[in-house]
Amino acid sequence: MAQIAEHYTEYHPRWLRPHISTYWWLRKRSYFAFILREITSLFVAWSAVFLLLIVDAVRGGPAEYGAFLDWARQPWVIAVNAGSLLLVGFHAVTWFNLAPQALVVRLGHTHVPGSLISASNYAAWVVVSVIVGWILIGYGPQR
Amino acid sequence: MIKRSAEPLLWMLFSAGGVVAALVLPMLLFLFGVAFPLGWLTPPPVTHLAAVIGHPFTRLTLIIVCTLSFFHAAHRFRYTLYDGLQIKHLNEVIALLCYGSAIVGSAASAYLLVTF
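Chains as they are written, first to last, in this note's numbering: chain A, 97 to 239; chain B, -18 to 97.
Hints are computed from structural coordinates only; laboratory data are not their basis.
It is possible that part of the hints are untrue.
As the list claims (entries may be wrong) - DEER-style ranges, computed between Cβ atoms: (1) A/130 <-> B/82: 22 to 32 Å; (2) B/-11 <-> A/132: 40 to 50 Å; (3) A/126 <-> B/72: 22 to 32 Å; (4) A/235 <-> B/97: 33 to 43 Å; (5) B/96 <-> A/201: 18 to 28 Å; (6) A/157 <-> B/21: 40 to 50 Å; (7) B/60 <-> A/200: 36 to 46 Å; (8) A/113 <-> B/-12: 42 to 52 Å; (9) A/174 <-> B/38: 27 to 37 Å; (10) B/41 <-> A/112: 47 to 57 Å; (11) A/130 <-> B/21: 31 to 41 Å; (12) A/210 <-> B/96: 36 to 46 Å; (13) A/206 <-> B/78: 22 to 32 Å.
Beta carbons: idealized from backbone N, C-alpha and C, even for Gly.
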């Protein structure tokens, strides 16, 4: 390609192919936020794996569950999970904020405003989180 | 390899997975990844968790959550590699690796939860 470009003749079309750096996303805050949002995928995947590790530990009985809790208490595991929580949270916020663009709801002749669609998503988030928390720790006295 | 006709389905899985992951995963991560390990809250006893996971509804929910999350992640990561690193020439290899991992993860979650 480069060689062809060097043999420039009068009627040869010039290449107009701006080079984009691999690190283009470091140039602007909004670009960086975009890549950060994209990277949340890895942490969503890790969260699902972590969920399966919990299930597997519970399946193994008290000893294996205890070993799992010990493993999860290691500083590096806490660091990975805390980072994952931040990024999965970032995914959730960006996802709910974009929901109005993806989902247009009509009631009769009027469109439901986007803010209401976002708000209903956040409300669902709260409801689901409360249910999950209640199932896991709000079960009352030791059974 | 990946036919064009598969794209709508993949985008649908991406969307559904995005919703499910956003709704369910943060609370689970907060509890098991941060609050229990740091001693902020007492983790539930194994008998309680076994009873919760033993319920068919929980198992079905967890299979759906894991499967959709894996496909969401695979699809988004595939496009991150395209846009971020501009490696379009490895198109098919990347797609195969991403969706292949999602299929393996989904199969593992189905196996774990069906045989729980």
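So, going through the hints one by one against the coordinates:
1. A/130 <-> B/82: 22 to 32 Å: Holds: the Cβ-Cβ distance is about 23 Å, inside 22 to 32 Å.
2. B/-11 <-> A/132: 40 to 50 Å: Violated: the Cβ-Cβ distance is about 27 Å, outside 40 to 50 Å.
3. A/126 <-> B/72: 22 to 32 Å: 27 Å, holds
4. A/235 <-> B/97: 33 to 43 Å: The hinted range 33 to 43 Å is violated for residue 235 of chain A and residue 97 of chain B, with Cβ atoms some 19 Å apart.
5. B/96 <-> A/201: 18 to 28 Å: 41 Å, violated
6. A/157 <-> B/21: 40 to 50 Å: 25 Å, violated
7. B/60 <-> A/200: 36 to 46 Å: The hint (36 to 46 Å, Cβ to Cβ) is violated, given that residue 60 of chain B and residue 200 of chain A are roughly 24 Å apart.
8. A/113 <-> B/-12: 42 to 52 Å: 27 Å, violated
9. A/174 <-> B/38: 27 to 37 Å: The hint (27 to 37 Å, Cβ to Cβ) holds, given that residue 174 of chain A and residue 38 of chain B are roughly 30 Å apart.
10. B/41 <-> A/112: 47 to 57 Å: 54 Å, holds
11. A/130 <-> B/21: 31 to 41 Å: 33 Å, holds
12. A/210 <-> B/96: 36 to 46 Å: Check passed, 44 Å falls within 36 to 46 Å.
13. A/206 <-> B/78: 22 to 32 Å: Since the Cβ atoms of residue 206 of chain A and residue 78 of chain B sit about 46 Å apart, the hinted range of 22 to 32 Å is violated.
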